[in-house]
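> Using the sequences and the accompanying hints, generate a full structural model.
Just so you know, the sequences run in chain order F and Y.
One point on numbering: in this note's numbering, the residue at position 300 of the first sequence is 300, and numbering is uninterrupted.
One point on numbering: in this note's numbering, the residue at position 115 of the second sequence is 115, and numbering is uninterrupted.
None of these hints come from the bench; they were simulated from the model.
Check before you lean on any hint, since a few could be wrong.
Some chain F residues close to chain Y (C-beta under 7 Å, calculated; not the full set) [unchecked claim]:
#, residue
1, M203
2, I206
3, G207
4, A210
5, T246
Glycine included, C-beta positions come from ideal geometry on N, C-alpha and C.
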Amino acid sequence: MSELYELIPYLVLSITALASTISVYLAIIEKDLIKAVLYSAIQSTFYALIFYLLMVPDIVLVYIPVSVGLLPAILIIAVKKTEKYEDVTGISKTTSTIILTLVVIFTLISGYLLLLSHAITFAIFPSTDIRTLARWFLNTTLWWNRMFSAMSPESVTAIVWDYRGLDTYFETSVMYLAIIGALALARYIEIPKKMFKEEAMGMSIIGKMATRIMVPMILIVAVSIALHGHLTPGGGFQGGVTAAVTVSLLIFIFSVYFAARFFKINTAILLRIIGLIGIILAATITLIIGFLTGQQAYIFQNQPKVIAQIGLPYEIGGNLISGTLLIFNTSEFLAVVMGFAILFLLLSIPEENVMEVIRGEVE
Amino acid sequence: MSPIDFVLTVIGYILIGIGAFCQIVAGMGMNRFPNFFVRLHAATIAAIGGSFVPIIGCSLLALSFEELGDVRFFLAGGGFVAAVFLLILAPVGSHLLAKAAYFSKAAVLQPKVVDALEEDIRKGEVHE
Numbered sequence: 001m002s003e004l005y006e007l008i009p010y011l012v013l014s015i016t017a018l019a020s021t022i023s024v025y026l027a028i029i030e031k032d033l034i035k036a037v038l039y040s041a042i043q044s045t046f047y048a049l050i051f052y053l054l055m056v057p058d059i060v061l062v063y064i065p066v067s068v069g070l071l072p073a074i075l076i077i078a079v080k081k082t083e084k085y086e087d088v089t090g091i092s093k094t095t096s097t098i099i100l101t102l103v104v105i106f107t108l109i110s111g112y113l114l115l116l117s118h119a120i121t122f123a124i125f126p127s128t129d130i131r132t133l134a135r136w137f138l139n140t141t142l143w144w145n146r147m148f149s150a151m152s153p154e155s156v157t158a159i160v161w162d163y164r165g166l167d168t169y170f171e172t173s174v175m176y177l178a179i180i181g182a183l184a185l186a187r188y189i190e191i192p193k194k195m196f197k198e199e200a201m202g203m204s205i206i207g208k209m210a211t212r213i214m215v216p217m218i219l220i221v222a223v224s225i226a227l228h229g230h231l232t233p234g235g236g237f238q239g240g241v242t243a244a245v246t247v248s249l250l251i252f253i254f255s256v257y258f259a260a261r262f263f264k265i266n267t268a269i270l271l272r273i274i275g276l277i278g279i280i281l282a283a284t285i286t287l288i289i290g291f292l293t294g295q296q297a298y299i300f301q302n303q304p305k306v307i308a309q310i311g312l313p314y315e316i317g318g319n320l321i322s323g324t325l326l327i328f329n330t331s332e333f334l335a336v337v338m339g340f341a342i343l344f345l346l347l348s349i350p351e352e353n354v355m356e357v358i359r360g361e362v363e
Numbered sequence: 001m002s003p004i005d006f007v008l009t010v011i012g013y014i015l016i017g018i019g020a021f022c023q024i025v026a027g028m029g030m031n032r033f034p035n036f037f038v039r040l041h042a043a044t045i046a047a048i049g050g051s052f053v054p055i056i057g058c059s060l061l062a063l064s065f066e067e068l069g070d071v072r073f074f075l076a077g078g079g080f081v082a083a084v085f086l087l088i089l090a091p092v093g094s095h096l097l098a099k100a101a102y103f104s105k106a107a108v109l110q111p112k113v114v115d116a117l118e119e120d121i122r123k124g125e126v127h128e
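Spelled out as structure tokens, the structure:
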């Protein structure tokens with residue numbers, strides 16, 4: 001009996017999927033637009049049921065009113081406005097309105113019943129054990145067992161920089177190679193130096209003043225995202241992209257000549273290399289310590305493991321730093337900011353200067 | 001509930017109501033105004049009246065809701081900071097949009113009643 005009970009969701013899922021496919025086919029081949037809209041609404045109803053069986057009740061709550069109620073209504077109105085409505089025979093205006101109203105009422109009632117059954121923990125189909133995965137990750141990435149733990153409450157950062165460290169390293173290398181390629185393409189091209197006064201460049205003084213107020217705030221938020229990457233959602237890449245907004249603001253609001261005055265491309269390359277060296281050091285620091293002390297260690301090792309007893313401290317003075325994760329996030333922040341700054345500066349070089357260099361080379 | 005909390009709650013609800021009214025007015029303006037510049041005026045009403053004012057109201061509500069404990073100060077502080085940034089940035093964005101649209105002649109200036117900027121440019125006080 002219990003086996004049959006477990007089979008019911010899969011049976012309903014397959015039947016629903018088949019029915020939704022059939023209604024999509026009918027909606028496509030149907031010449032009568034009103035009927036096609038109705039088939040589409042029926043297909044949306046089946047989709048809502050599938051979403052519910054796949055245990056996403058929040059999406060069902062949005063999907064039912066929008067896709068079943070609102071979208072067909074708007075489509076019916078649009079069909080009516082294009083005057084195809086009168087030509088479409090078969091269903092009269094009042095009949096289609098009645099059918100549409102019935103569909104909307106049916107879906108509202110069924111959605112409400114589904115929600116009710118979920119709310120009073122009827123537990124018809126969806127499992128109540130929905131948070132197992134989250135609980136497992138939270139337990140393994142923090143505290144549960146130091147031999148498996150990354151000592152970080154933020155599972156995403158722990159997976160990205162500890163469990164799957166090599167993947168992220170190659171991801172960073174891909175972006176580094178892309179920027180090397182851009183630099184190689186633009187190797188003799190420089191941002192022209194123009195000694196304009198500051199007032200003569202860029203947008204109006206109102207925009208400049210607001211940018212002056214906002215740029216330090218954006219930088220503070222970016223650094224906070226990067227440094228709290230092992231505690232809260234975020235991390236080095238996200239913080240770096242946030243900080244790169246300031247460079248694009250400087251270029252667009254103050255003009256590229258003003259930005260190039262105190263932000264040289266060579267300095268940006270140097271800082272980016274420092275960030276990458278930080279990433280490599282953090283990846284190999286346990287290996288170096290192990291080599292010096294004669295113990296076994298691995299690259300991208302953060303906390304001590306069973307067969308390799310070397311690890312970085314996970315806290316300093318009671319503050320959680322999660323070993324290498326903080327170094328990774330800081331270095332990645334520096335590398336990403338400078339990489340995006342280089343790209344923005346290269347992309348904003350005027351075309352005349354590029355053409356001058358290219359023609360000069362040809363001659 | 002202490003009297004101060006009661007007053008804060010009432011003021012918060014009033015501010016949120018003002019915000020809803022401003023959003024409706026701005027929506028009507030976006031639909032019915034004739035050209036880009038007056039529509040921008042409606043959009044700024046939505047940004048200041050419809051976002052800045054209700055965020056302040058929400059912050060006051062959070063401040064007066066004692067069940068939240070100390071978290072309410074974080075909520076209210078974040079709300080106030082976000083509201084102040086909105087107050088600074090929304091008019092600047094409208095100004096830059098209007099200026100760019102005017103000087104690039106991307107927006108049609110019809111119907112026009114008075115154009116002070118054009119007179120200033122003719123006198124030579126403002127350069128493009």
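> Give a verdict on every hint.
So, going through the hints one by one against the coordinates:
1. With a least beta-carbon distance of about 6 Å to chain Y, the hint placing M203 of chain F at the interface is held under the 7 Å criterion.
2. At its closest, the beta carbon of I206 of chain F sits 5 Å from a beta carbon of chain Y; the interface hint therefore holds under the 7 Å criterion.
3. Interface restraint check: G207 of chain F against chain Y, minimum CB-CB distance 5 Å, threshold 7 Å, status holds.
4. Proximity of A210 of chain F to chain Y holds as hinted, the smallest CB-CB distance being about 4 Å (cut-off 7 Å).
5. Annotation: interface hint on T246 of chain F violated; nearest CB of chain Y at approximately 14 Å, more than 7 Å.
Hint 5 alone, counting from the list given before, is not met by this structure.
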